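Trainee: Fit chains U, R, L, W and Y to the given chain S structure using the hints.
Protein chains: 6
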Amino acid sequence: MPFVTVTRRLTFNAAHRVHNPELSDLENARLFGKCNNPNWHGHNYVLEVSVRGEVAPKTGYVVDLAALRDIVAREVIDQVDHRNLNLDVAFMRGVIPTTENLAVGIWRILEPAVAPAKLVLIRLWESENNRVEYAGE
Amino acid sequence: MPFVTVTRRLTFNAAHRVHNPELSDLENARLFGKCNNPNWHGHNYVLEVSVRGEVAPKTGYVVDLAALRDIVAREVIDQVDHRNLNLDVAFMRGVIPTTENLAVGIWRILEPAVAPAKLVLIRLWESENNRVEYAGE
Amino acid sequence: MPFVTVTRRLTFNAAHRVHNPELSDLENARLFGKCNNPNWHGHNYVLEVSVRGEVAPKTGYVVDLAALRDIVAREVIDQVDHRNLNLDVAFMRGVIPTTENLAVGIWRILEPAVAPAKLVLIRLWESENNRVEYAGE
Amino acid sequence: MPFVTVTRRLTFNAAHRVHNPELSDLENARLFGKCNNPNWHGHNYVLEVSVRGEVAPKTGYVVDLAALRDIVAREVIDQVDHRNLNLDVAFMRGVIPTTENLAVGIWRILEPAVAPAKLVLIRLWESENNRVEYAGE
Amino acid sequence: MPFVTVTRRLTFNAAHRVHNPELSDLENARLFGKCNNPNWHGHNYVLEVSVRGEVAPKTGYVVDLAALRDIVAREVIDQVDHRNLNLDVAFMRGVIPTTENLAVGIWRILEPAVAPAKLVLIRLWESENNRVEYAGE
Amino acid sequence: MPFVTVTRRLTFNAAHRVHNPELSDLENARLFGKCNNPNWHGHNYVLEVSVRGEVAPKTGYVVDLAALRDIVAREVIDQVDHRNLNLDVAFMRGVIPTTENLAVGIWRILEPAVAPAKLVLIRLWESENNRVEYAGE
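Chains as they are written, first to last, in our numbering: chain S, 297 to 433; chain U, 297 to 433; chain R, 297 to 433; chain L, 297 to 433; chain W, 297 to 433; chain Y, 297 to 433.
The set of hints was computed from the structure by calculation and includes no laboratory data.
Heads up, none of these hints are tricks.
Which copy is meant is left open, because identical chains are indistinguishable; a pair holds if it fits in one copy or across any two.
Taking lysine-lysine and the BS3-like style, the derived pairs with C-alpha atoms no more than 27 Å apart in a straight line are:
#1 Lys354 / Lys414
#2 Lys414 / Lys330
#3 Lys330 / Lys354
Bear in mind the structure is a predicted one, so any value in this text is a computation, not a measurement.
Isolated chain S, as found in the complex (with noise of 0.2 Å):
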């Protein structure tokens, strides 16, 4: 049977701040301007999750979609939407909330959680002109 990638988008919003606790206030300010205004500050972040593998003759699907969606809705998404990124989110604890970062979080959580489907891709947006991607390595 073919190998197929699919996609399913969703979307949350948080509140973070960009900062580095073991740098100084100064040092902090220097590096991450704007983004670490100490009341916050935040986004609507778009998330897409990708999986692969073979489309089951049964279904003509690689994974249900619809249950992908719950999946990732409760590992993820209702852990950070409408929280904030640096005190709300346990699986944010001891990293600097950037993008990076949070796909990096984001891909630990939900490659077992996915399984048996095989995770591929984490993309996310932080705004319409910023994105990464992180596929595990």
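Mentor: Same frame as chain S, now just chains U, R, L, W and Y:
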């Protein structure tokens, strides 16, 4: 000369908490749900500013949209971008930072600032599914 | 208090056939072309529902958009999503299921359902190139 | 029968130079900046044509949008697509090719061409951030 | 000469029913939910066709995208647009008309049809949230 | 540390003429059709620049996207925005200004300019339906 409406789109992002300080925490939680998160959340806002007037024969413009953009950037975007709408924004002091109140606040700043151009509409998206429009009434 | 228009966007998909049962097959084919395919075709529809009112001082909202979304989901989306507009949808019985008639039908359901909020516009896209607007006139 | 507004979206691209031949080069450069480049620049334009009328009981249409598209394609798109708005377009002769003047020119061509349908709005994007609207006033 | 991938986007709409005729109605309902509606539903599909090759010095093109568009329009769009994927489309006979199988079917038609250009990816959106990709493996 | 790809989107607009000066006018017209208009046409281009690397523990960034944006703005956008790709752009001299060649030219400028970040993809849209990708091969 013909009367034409011209619109400039700009974006910003901000943190906020939908919260009425005159109500109890319980009442706030009941009214605003996850938008009341005390640790904030945030959005990428999309702002459209529309002005209307006669096309000037000398320029073929209603207004120079680059000049309009500069006014909106200085008077609005610089005040709200990468900020906390509850804590950092002078023109939002004392109002609940909903998209409705934010659009009204932006109107009140821009109406005099764009004169002699005539402001006719503020359109503001909080997310791809929610937007508000205010025409000064 | 200021008067603001707030808009909620929702999506659904459906099959339909543009067909007037009072006309001959030949006349239907001539009038509606490929939209008259007896085996149906379909669309992803995008629906925008706009209501207008004063901003409530207690909430900063015209209406709670989450509540508006729930009304539209229950009264409209649940009736039309993944359905056949000619066969499955009670409120479309006896009318040709064009985008125009669908927008009018949605208005007639939502106008009482959203009260006391005041419905002011139904905007409905059938494709990225075609849309209709109905304001109750 | 209900009155509905229907809108058709089309795209084209063109080169232009924002330049007033009655002014000096210096004055043109001051007024129009980089839009005055003597070697031209260009845009992908997005055009929305809105007509309004009663829904016809026989068809469920205000107008046949495929027929409207054909009129706009023949009367407007074929004149401007892959053209130079200053040099190649008869209906822009003698006016500065701003988006405002282009929208007005398109209105003047389409208002009689779409009759008996009633043209109510021309909306024209020059870029994702700039657009104009003309309603014939 | 450099190797470049060029992509052409086209759209179509169709009705379908996700249904496996070898399973019982109950099993179909359980597997496919509302996508199994016996009265059909439908989508606006977005198709991206990517081919890859060396840039030809004579033209600066990998392929003439207008010619590629004509091939895709004739070989694919004309077969599926405003059609029922279960009933009307020869190349979908005997397969469940999921987006996965549709993308694979389109690949099998286009791979020989675009030769000597080398097809490298079919990307197909069923909705703004769901898409699949097939690279011929 | 994980390897992540980060992408920055920027836009510009330009005039061009697809024309091979080594061929006759007739041959150019035959090969390039309306894209060969001697009076030029133009586009709003969308450019995505992707770089890839390890996430730096100190910043949580692969690269500072604001710094990347400044490099692309200075090295590319300032050279092409509101310009004529055939006449005004040094790095396009001697090549036919197709989207393919423009993407390759942008790659050649940015690969050294973004170092030590590693450029991995240039993606360039000429219109909403046509795009090219170049990965340096």
